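2 protein chains.
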Amino acid sequence: MSEPNASATASLAEEAAKLDAADELSAKRADFILDDTVYLDGNSLGALPAAVPARLADVVAREWGRLRIRSWGESGWWTAPERIGDRVGRLVGAAPGQVVVGDSTSVNVFKALVGAIRIAQGQSAGRDVARDEILVDESTFPTDGYIAESAARMTGCALRPVPAAEMAAAVGPRTAVALVNHVDYRTGRLHDLPGITAAGHAAGALVVWDLCHSAGALPVGLDEHGVDLAVGCTYKYLNGGPGSPAYLYVAREHQPRFDSPLPGWNSHADPFGMAPAYVPADGALRGRVGTPDILSMLALEAALDVWDGVSTAAVRAKSLALTDFFLRCVGAYVPAGRVESLTPAAHGERGSQVALRCADAGEVMAELIRRGVVGDFRHPDVLRFGFTPLYTGFADTERAARVLAAVLAGAPGEVA
Amino acid sequence: MSEPNASATASLAEEAAKLDAADELSAKRADFILDDTVYLDGNSLGALPAAVPARLADVVAREWGRLRIRSWGESGWWTAPERIGDRVGRLVGAAPGQVVVGDSTSVNVFKALVGAIRIAQGQSAGRDVARDEILVDESTFPTDGYIAESAARMTGCALRPVPAAEMAAAVGPRTAVALVNHVDYRTGRLHDLPGITAAGHAAGALVVWDLCHSAGALPVGLDEHGVDLAVGCTYKYLNGGPGSPAYLYVAREHQPRFDSPLPGWNSHADPFGMAPAYVPADGALRGRVGTPDILSMLALEAALDVWDGVSTAAVRAKSLALTDFFLRCVGAYVPAGRVESLTPAAHGERGSQVALRCADAGEVMAELIRRGVVGDFRHPDVLRFGFTPLYTGFADTERAARVLAAVLAGAPGEVA
Chain Y
1 MSEPNASATA SLAEEAAKLD AADELSAKRA DFILDDTVYL DGNSLGALPA
51 AVPARLADVV AREWGRLRIR SWGESGWWTA PERIGDRVGR LVGAAPGQVV
101 VGDSTSVNVF KALVGAIRIA QGQSAGRDVA RDEILVDEST FPTDGYIAES
151 AARMTGCALR PVPAAEMAAA VGPRTAVALV NHVDYRTGRL HDLPGITAAG
201 HAAGALVVWD LCHSAGALPV GLDEHGVDLA VGCTYKYLNG GPGSPAYLYV
251 AREHQPRFDS PLPGWNSHAD PFGMAPAYVP ADGALRGRVG TPDILSMLAL
301 EAALDVWDGV STAAVRAKSL ALTDFFLRCV GAYVPAGRVE SLTPAAHGER
351 GSQVALRCAD AGEVMAELIR RGVVGDFRHP DVLRFGFTPL YTGFADTERA
401 ARVLAAVLAG APGEVA
Chain P
1001 MSEPNASATA SLAEEAAKLD AADELSAKRA DFILDDTVYL DGNSLGALPA
1051 AVPARLADVV AREWGRLRIR SWGESGWWTA PERIGDRVGR LVGAAPGQVV
1101 VGDSTSVNVF KALVGAIRIA QGQSAGRDVA RDEILVDEST FPTDGYIAES
1151 AARMTGCALR PVPAAEMAAA VGPRTAVALV NHVDYRTGRL HDLPGITAAG
1201 HAAGALVVWD LCHSAGALPV GLDEHGVDLA VGCTYKYLNG GPGSPAYLYV
1251 AREHQPRFDS PLPGWNSHAD PFGMAPAYVP ADGALRGRVG TPDILSMLAL
1301 EAALDVWDGV STAAVRAKSL ALTDFFLRCV GAYVPAGRVE SLTPAAHGER
1351 GSQVALRCAD AGEVMAELIR RGVVGDFRHP DVLRFGFTPL YTGFADTERA
1401 ARVLAAVLAG APGEVA
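Here the protein sequences come in this chain order: Y and P.
Counting in my numbering, the first sequence runs from 1 upward without gaps.
Counting in my numbering, the second sequence runs from 1001 upward without gaps.
Don't read these hints as lab results, they were simulated from the structure.
Please note that a few of the clues may not be correct.
[To be verified] FRET-style restraints, in silico, Cβ to Cβ:
#1 P/His1379 <-> Y/Pro219: 37 to 47 Å
#2 P/Pro1219 <-> Y/Ala165: 54 to 64 Å
#3 P/Asp1223 <-> Y/Pro173: 45 to 55 Å
#4 P/Ala1366 <-> Y/Asp259: 33 to 43 Å
#5 P/Pro1173 <-> Y/Pro276: 25 to 35 Å
[Unchecked claim] In silico contact screen, one side only, chain P against chain Y (beta carbon under 8 Å); selected entries:
#6 Arg1068
#7 Gly1241
#8 Pro1242
#9 Gly1264
#10 Phe1272
#11 Gly1273
Small disclaimer: the values here were computed from a predicted structure and weren't measured.
Even for Gly, the Cβ is constructed at its ideal location relative to N, Cα and C.
Make the full structure from the sequences, and use the hints.
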């Protein structure tokens, strides 16, 4: 195989420069710590926002080191989960008071599912048919499936995996809750949140959405589409840092009946009353559990500053332009048949990543990383490239496709 | 009321100076960021270890900012929960491979209780009498009771609160598990870990210990006393920082049957295989759930360096000397009857805090804090003073009692 021909390269590189020059989000790059690599793994771990190091140093040295215990009140530690939850909420279309940050995504899936089952069963009390079924999209990120299996076992429900494309048709009179990933972690396929949610409601079920691969990459519209509950992580497109706390959305209408399986003291109506009987707090903070992880949470809060003044519509427009452009560059540079895109061509079905099926994907990705293009590999044969509109440009995108073509052509390594 | 007389003060201050001069742990103070206040709230939030700020800055700037996704492997992020777990393990008498760090204490109580119930019921399969009872010490920190209630509800068990002093006698043929706080958060009473554990085993039950107020303050001896499972936080005597991750101990003998109610992908035998079926990992990491909170976890790891070369026996000896000395100073300075110690006089029943019942405790503590002595207040009438042997000295202790006496005497404020 040959390398991409020079005229195609020159033409696309020129187009990339024009697109970058016209990009209204390009100034946001300065808000991140970047380097010479093309970082296309922000769908796994977002890059470091420039404001985080100084803010975290202040949290450690002053709030913890000097104020110590007083910071729970004076530095706003105690209320951080709901305060930061509201900021995440804005990015996923949730009005204030419905999102709390804390715990891992897995733990939040457990809260959301058991909570949803209890609400659905409560709504169906007295019916002839039991609501004793949990549906999960069968290509789910694994942890959702494992946790759903545990939730099913502990609530006496059955778990039934269903392809996401068939989810709307599969919900039925026995369905208590359907758990769906908004964007498939492997293929980058965007699932139909409004349609599946409406179908779930029509069947009397609740729908829980996992937003890990959509929040910060595209508008979600939780309130607009009447979503019941949702969870997501904050370390991908929200750039909160490694293992930063996840979040739980409980729609306002469900909050009075949200009955958490993890009723820790932080969700008590009077947490410092230290009463032996549990009385849940009102509102989103009913989803809290134990003492929040302050260092990680306040790093996340600082990271969210990059979203000030950013509309998710603009992010979505750039995301689609980036993935379109990447697919075009790959089409121009990589010999036909050498890779196959698993990511849908239709915009309405695409998240913010491109997944390419490729023989020797593990070795190819290792070589890409050596040459300064960082994506990731998903067993057994998938190259994943995540496009983070706040800090990825079109020149980066062209270069990634060019280096990919060179690697696939077996050309000597050269970091462009 | 009068202030303490000058000769008593001079005599105890002199004794404090001698005790500090002879204290083999006194050099450890230099490992912490301290100031002019007497900080006796390390049983709520430990002081900042001096090594943490630089380490955390490096984690943020280099590991996250520069290495980004590579740090999961190259910087040892992925294995942090079990690596740091082993370091916590040494401090609570657990051989390596039995402790993982992650999640909050509340979430770990849920894992431990449900896991213990399943093991106990498995061991009793085929018996006539069901093991369907959870005992909890009735003065427990509230979150343990709330979570125990949820665990009971979700496993079909009954929850029965029992005074810790009667726990050994209360375990019976129906008991699946007893949940006991090693040290009572309010009174500072140390409960009988070896005796209650042995009584539980004699009845065929498991015992889960909450070590929040003992780990880092006294030897726990988990392996030595045959403890089944245990949980604890790391932000009190272990100084891990606000909301730093908690830990879960599962004794080696129980690990093959530990069946977590929160089987997240981090506890899978092959987490990156992304298999739809859950297969638990062997060993302690079966207690992991979702992606670990790296910033908080690595701050904790740096904080644990202060324990290098420290024996928990030495810590315990100093802890008892401090609390003894505080009680003596209070006895000498505070008029009889003005406060009442809730903390047992017997060393074998005392943790590392002194709790004084006092009228107007809320106002008294607020004034103490204004005068530079930081303890805390527990509703409705308790002053808590935590003694952290690594950074609290005898002169601090004498001063705290002296300021307390002055506050109680209504004398004009003067920070000594």
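Tested hints:
1. A beta carbon spacing of about 45 Å between P/His1379 and Y/Pro219 agrees with the range 37 to 47 Å that was offered as a hint.
2. At about 58 Å, the beta-carbon gap between P/Pro1219 and Y/Ala165 stays in the expected band of 54 to 64 Å.
3. Checked against the hint of 45 to 55 Å, the C-beta distance between P/Asp1223 and Y/Pro173 comes to roughly 53 Å, which is consistent with it.
4. Here the CB-CB span from P/Ala1366 to Y/Asp259 is close to 37 Å, well matched to the stated 33 to 43 Å.
5. For the pair P/Pro1173 and Y/Pro276, the supplied restraint of 25 to 35 Å holds, since their beta-carbon distance comes to about 26 Å.
6. For P/Arg1068, the interface hint holds, the least distance from its beta-carbon to any beta-carbon of chain Y being 6 Å, beneath 8 Å.
7. For P/Gly1241, the suggested interface contact is upheld, since its CB lies about 6 Å from the closest CB of chain Y, less than 8 Å.
8. Residue-level restraint check for P/Pro1242 holds (minimum Cβ-Cβ distance to chain Y is 4 Å; threshold 8 Å).
9. Taking 8 Å as the C-beta contact cut-off toward chain Y, the hint placing P/Gly1264 at the interface holds, the least distance being around 3 Å.
10. Taken as an interface hint, P/Phe1272 checks out: its beta carbon lies about 7 Å from the nearest beta carbon of chain Y, inside 8 Å.
11. Proximity of P/Gly1273 to chain Y holds as hinted, the smallest CB-CB distance being about 6 Å (cut-off 8 Å).
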